[in-house]
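Please arrange chain H on chain U, whose structure you already have, making use of the hints.
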Amino acid sequence: MRGYYIFRKKIKKIIKKFIYESFNIGEEKLHDNDPLIHKGIIDSYRIVELTCFLEKTFDITIEDDEIIVDNFYSINSIVEFLSKKMKNIKSDNTHVKEKKIR
Amino acid sequence: MLKRRKFDKDKIIIYTPRFLLRIVKTADITPRYIEWLNDLEVTKFIVKRRKKETVESVTKYVNEKWCSSNDFLFGIFTREDNRHIGNILLGKIDWYHRVGEISNLIGEKEYWGKGVGVEIDKFVIHFAFRDLLLRKIIFRVASGHRASIFKSRQLGFSLEGRLRKHAVLNGKFVDVLYFGILKDEFYTLFPDFK
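Chains as they are written, first to last, in the working numbering: chain U, 1 to 102; chain H, 1001 to 1194.
Read the hints as simulated data drawn from the structure, not as lab findings. Please note that a few of the clues may not be correct.
Derived DSBU-like pairs: lysine-lysine, alpha-carbon spacing no greater than 35 Å straight-line [claimed, not checked]: (1) K1122/H with K85/U; (2) K13/U with K1044/H; (3) K29/U with K1122/H; (4) K1109/H with K16/U; (5) K1025/H with K1044/H; (6) K87/U with K1172/H; (7) K10/U with K39/U; (8) K1109/H with K12/U; (9) K1172/H with K56/U; (10) K56/U with K1183/H; (11) K1025/H with K56/U; (12) K1122/H with K12/U; (13) K1011/H with K1052/H; (14) K1172/H with K1044/H; (15) K1044/H with K12/U; (16) K85/U with K1044/H; (17) K1122/H with K1011/H; (18) K1109/H with K17/U; (19) K1165/H with K1194/H; (20) K1011/H with K56/U; (21) K85/U with K56/U; (22) K1183/H with K85/U; (23) K1044/H with K1165/H; (24) K1109/H with K1194/H; (25) K1044/H with K1183/H; (26) K84/U with K16/U; (27) K1183/H with K1065/H; (28) K1114/H with K12/U; (29) K84/U with K1044/H; (30) K12/U with K29/U; (31) K1194/H with K39/U; (32) K9/U with K1114/H; (33) K85/U with K1052/H.
If we strip away everything but chain U, and leave its shape as in the complex, we get (with noise of 0.2 Å):
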């Protein structure tokens, strides 16, 4: 369970440099729960390179259908999407294994 924290906790501060270093946040403090949409730090443009470099870094593909506003609300939102993304891919890599050692 403590992994799981640390985990999320990583996944976190690398979203968070992400955005304050691509989108020009500046010294503005950004708070876990903020609106990024309604603050205008994402938009259907920004969208496009969030996605991209949460693909590449995270070694994950994000579906049409998983590109909805809920997802990327917050930075919590974020975080919350990916996890259980990642947990989904993991379990569905365990099964695999699982059926190979049989």
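This is chain H only, laid out in the frame that chain U set:
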């Protein structure tokens, strides 16, 4: 059944905070406008047969849209300096079913990533519901066009269907996604427009 309504297209003007939308006329066809249409980056996700656009082909297109009572091709002009930066088409209106389709193109790249699409789409959808009395707007997008997919989500559209490998885009078969929004859904999300 709703009767097909006649509009004096010359008189339709929509003001958004930053832009003015009016129906495109042949007088708006400039070399710059032709340039956008032949720019592969601008038209990267437009699902249509690729052909070189010329003054003649664009004039024919603009005239067709002007004469059609089922299409409203709006030019997007900056309110600040009346600069033509792109177009938005509210078209394929089916007056019986009261459904229309929306699509847009921002030709001036410096306006990409500045929320232009969301701003103008809201006003055109409002125009479609309030003035044209439509009840549903659909929006088609090629799979993988994340900017448009996200924009449609921001506007409250729901994914209604996926036509598998339905179109050829940049030499590949791609899925085409259908998004739709009903009048009630739009005004629930944007009550200020009511």
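* **Enumerated hints in conflict with the structure, sorted upward** => 10, 11, 19, 20 and 33
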